[in-house]
Amino acid sequence: MSASPTLELAQQLIRRPSVTPADEGCQQLMAERLEALGFNCESMRFEDVDNLWAVRGESGPILVFAGHTDVVPSGESAGWEHDPYSALVKDGMLHGRGAADMKGSLAAMITACEAAITKANPSLETLRLGFLITSDEEGIAAHGTRRVIDALTERGEQIDYCIVGEPSSTAAVGDTIKIGRRGSLSASLTIRGKQEHVAYPHLADNPIHRAMPVLAALTGMTWDAGNDAFPPTTLQISNIASGTGANNVIPGSCKVDFNFRFSTESSHEQLTAKVTELFDAHALDYKIDWHLSGEPFLTQPGLLREATAASIEEITGLITEQSTAGGTSDGRFIAPSGAEVVELGPCNATIHQVNERICAADLDTLALIYERLIEHLADKAPR
1 MSASPTLELA QQLIRRPSVT PADEGCQQLM AERLEALGFN CESMRFEDVD NLWAVRGESG
61 PILVFAGHTD VVPSGESAGW EHDPYSALVK DGMLHGRGAA DMKGSLAAMI TACEAAITKA
121 NPSLETLRLG FLITSDEEGI AAHGTRRVID ALTERGEQID YCIVGEPSST AAVGDTIKIG
181 RRGSLSASLT IRGKQEHVAY PHLADNPIHR AMPVLAALTG MTWDAGNDAF PPTTLQISNI
241 ASGTGANNVI PGSCKVDFNF RFSTESSHEQ LTAKVTELFD AHALDYKIDW HLSGEPFLTQ
301 PGLLREATAA SIEEITGLIT EQSTAGGTSD GRFIAPSGAE VVELGPCNAT IHQVNERICA
361 ADLDTLALIY ERLIEHLADK APR
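Quick note on numbering: the sequence shown equals residues 1 to 383 in the numbering used here.
No lab work stands behind these hints: they were computed from the structure.
There may be inaccurate statements among the hints.
Here are the in silico distance ranges between beta carbons for each label pair [to be verified]:
hint, residue 1, residue 2, range
1, L303, V72, 40 to 46 angstroms
2, A349, G156, 38 to 44 angstroms
3, N121, G25, 27 to 33 angstroms
4, Q28, W290, 35 to 41 angstroms
5, L303, E58, 48 to 54 angstroms
6, A217, W290, 45 to 51 angstroms
Given the structure is predicted, the values throughout are model-derived calculations rather than measurements.
Where a beta carbon is used, it is the ideal one built from N, C-alpha and C, also for glycine.
Turn these sequences into a full structure, and let the hints steer you where they fit.
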């Protein structure tokens with residue numbers, strides 16, 4: 001049996017080993033398909049990152065499909081049952097790095113647009129379609145979607161509706177969509193002490209001992225209670241490093257990394273202020289560096305959420321769960337521009353793992369959902 005158009009395109013993309021920030025021709029392949037549909041394709045390269053901005057239509061609201069062509073490294077090839085870039089289909093499963101995250105989604109987006117445009121629905125002429133694709137999502141995300149949105153804003157271009165193709169589903173395609181994401185705030189803390197021989201603690205200032213009560217207090221704090229859309233803000237310590245390697249030396253410093261995943265009930269300014277107040281209360285000699293990956297966002301009930309849920313139910317029969325759980329995505333750069341943002345993609349059970357794979361038939365289901373979503377918005381979006 002021959003591969004479906006969606007599966008075939010997904011295989012072509014997977015066979016390009018586009019580890020961040022490399023694109024390896026994926027965007028050119030997509031642009032060729034889109035130009036054949038009447039899209040105006042624009043390459044936006046910032047530093048070593050390739051970005052694609054493509055638009056079809058002259059006026060009216062715009063639905064943008066957003067995603068990334070870059071993938072995480074495959075790791076040791078010996079752990080893979082099949083070559084991670086072979087895009088092999090075996091026993092109904094598509095194997096390969098990026099199958100789920102997120103070259104399968106990219107393929108489904110393209111073929112959904114091909115199918116919808118081929119139908120020549122008159123309503124589609126009043127809905128513009130767009131693509132925002134980057135090769136810098138899995139990395140630092142400094143020169144990808146963030147930069148494209150900045151450039152579009154400077155030009156006065158506005159995204160109305162955006163589907164991000166991140167693998168949102170759990171057990172079946174469409175069973176879960178993301179209607180928002182928590183914010184992410186990371187800190188690198190250095191507590192300074194005084195190094196000395198362990199036999200002379202009275203001459204030292206042990207930064208590990210200084211750190212212990214502070215970290216206990218930090219991990220015991222309640223930051224907020226969350227709300228109907230978000231769980232309470234959490235803090236997790238990810239790394240602690242100190243010592244010289246010798247067991248008879250009191251170290252001179254202790255380094256701690258921690259991260260907040262925060263709800264819309266807290267701002268990053270509030271969190272940094274609370275942490276600073278705590279550290280100062282313990283009279284620490286410290287330095288802290290903060291990195292804000294993104295603020296939390298939430299797409300309120302509206303046309304995009306309604307159309308997405310309706311499309312999933314019509315194609316699969318599922319009542320989708322509308323969630324904000326999980327990590328960050330490039331939606332955090334798109335939502336602040338005023339767009340309604342929903343994440344919808346395939347099952348995520350094997351993302352970032354050895355032997356990443358998805359059910360090949362799920363790609364056709366996903367393409368049908370995207371196609372139906374285009375039709376819903378074409379019929380119902382304000383003119």
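Here is what the structure says about each hint:
1. Between L303 and V72 the beta carbon distance is about 34 angstroms. The supplied range of 40 to 46 angstroms is therefore violated.
2. Judged by the Cβ atoms, the range 38 to 44 angstroms given for A349 and G156 holds: they are separated by roughly 41 angstroms.
3. Between N121 and G25 the C-beta distance comes to about 32 angstroms, which sits within the given range of 27 to 33 angstroms.
4. For Q28 and W290, the hinted distance range of 35 to 41 angstroms is satisfied, since their beta carbons lie about 38 angstroms from each other.
5. Between L303 and E58 the Cβ separation comes to about 21 angstroms, which falls outside the hinted range of 48 to 54 angstroms.
6. Between A217 and W290, the C-beta spacing of about 19 angstroms breaks the proposed range 45 to 51 angstroms.
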